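Residue numbers (this note's numbering), protein chains in the order written: chain A, 410 to 609; chain B, 805 to 1071.
These are computed hints drawn from the structure, not numbers from a lab. Hints may contain errors.
To be verified - Each computed DSS-like pair below joins lysine-lysine, with the alpha-carbon atoms no more than 25 Å apart:
#1 A:K517 / A:K507
#2 A:K519 / B:K1003
#3 B:K953 / B:K1045
#4 A:K519 / B:K999
#5 B:K1018 / A:K461
These numbers were taken from a predicted model, which means no experiment stands behind them.
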Amino acid sequence: MNRNLIMMIEASFLAVFALILDLLPSIRLTPAVSISIAMVPIFIMALRWGVKGGIMSGFLWGLLQVVTGDVYILTIWQFLIEYFIAFAFVGFAGLFYKSIQNALQHQKRKKAVAGIVLAVFVGSIARYFWHFIAGVIFWGSYAPEGMSPYLYSFIVNGGTMLGAAILCAIVLVILINAAPRLVLTKNTSNQIWSEQQKKA
Amino acid sequence: MNNSLIIGQYVPGNSLVHKLDPRTKITIIFFYVITVFFANSLASYSVLVVFALACMFTSRVPLRFIMKGLTPVWFLIIFTFILHLFVTKEGTVIFDFWIFEFYSGGVIQGFAISIRFFLLILVTSLLTLTTTPIEITDAIEDMLRPLNKVRFPVHELALMMSISLRFIPTLMQETDKISRAQASRGVDFRTGPIKDRIKAVVPLLVPLFVSAFKRAEELAMAMEARGYQGGEGRTKLRELKIELRDIMVYLLFACVIALLFLTRNYS
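Pulled out of the complex, with its shape left as it was, chain A reads as follows:
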């Protein structure tokens, strides 16, 4: 079967989950909306299919927010950067998905956990870098003179980034440890299964 098609459909579904996790109040873990686990599905996609799948899913997530009206357009550049670039960049968490999958396959717990945490931070920093830029642009055109847009944007976005990344890293580590098949695609999990059969 066409694996590309499966990847596209999975990217669509997980982008929807990212949208839903941001909206459903019943599963909101923190009081602040900005620090949420909404990035988790995109990370799963990135660890499952690599950068391409992650970027696809992230880009869709941004686009879904645009078409459902969940956006704030304050200046045109801020809008384009935040909704068409920033979310897609979460996908860069998939840079070393192969070695993470490998570690999971051979049950090297520590290596897998380190890989997942690293991936989460790479993805988050890539995303919030763009929010930082957008913040500078936005703040630059609204703030009174004499306030540094760089410092303000750095503090706000840096803080949110750290919170979201830590939360997502914890959830992902627990999640993937409980169910490695979430990031191992069919081929790889078949291999694990046959290896386990051999041992037994």
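Since chain A is already given, all that's left is putting chain B on it; use the hints.
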């Protein structure tokens, strides 16, 4: 459950704004958002306000839906207003209170910027109030088509968008169902320390993702069985068409922009 399952803000209607081609609406909003930053005099701001209010009234969207879109940004509007009030020290002192002095420049700046915010949010939420997500997707696909030349996968993107939009209700229902099922087993997402709530989210996400992957495979299989093989030569059920009213609205908007630049302060 019913209300929380509706994503998007579309309010059905039969007005001119509803009937416009989504591409027209997106283009006009795009240029409106840019031109808002050129306004710098009372007259030019009035032109923009009149245009936005005219759109609002012709759309005949009930006021409460529009106000709902504005609620999350009231804070931002008031915050920037107050900030300007305190920080901008231009013009004459209007009144002083204790250690604070309020300058006329600050009040004017604050007002101008609050109005700018208000207009931007009003106009962009009018788009999503009068246009279905599917229409917006079709319009975006059409407007991105030139990117095909640089090998940007426009068709694939449109396909994924329609799959996403189609499955939003389904996947939300699924999320709701599984979270209820887990709640009935004693999982608690809402109370308790954050550590417990993080742990509680795992038995929700694992079955959710696993069933989504299964569903994705089934859908891919169904599509291939029906002969899906990518973008070349696919036709559409809904075709977008530019009508006379779209051209009229473009002309009207061009007049508005011309008027704005005429009333602008160039000194």
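To see whether the hints hold, each was checked on the structure:
no., hint, result
1, A:K517 / A:K507, "holds (14 Å)"
2, A:K519 / B:K1003, "holds (20 Å)"
3, B:K953 / B:K1045, "holds (23 Å)"
4, A:K519 / B:K999, "holds (21 Å)"
5, B:K1018 / A:K461, "holds (21 Å)"
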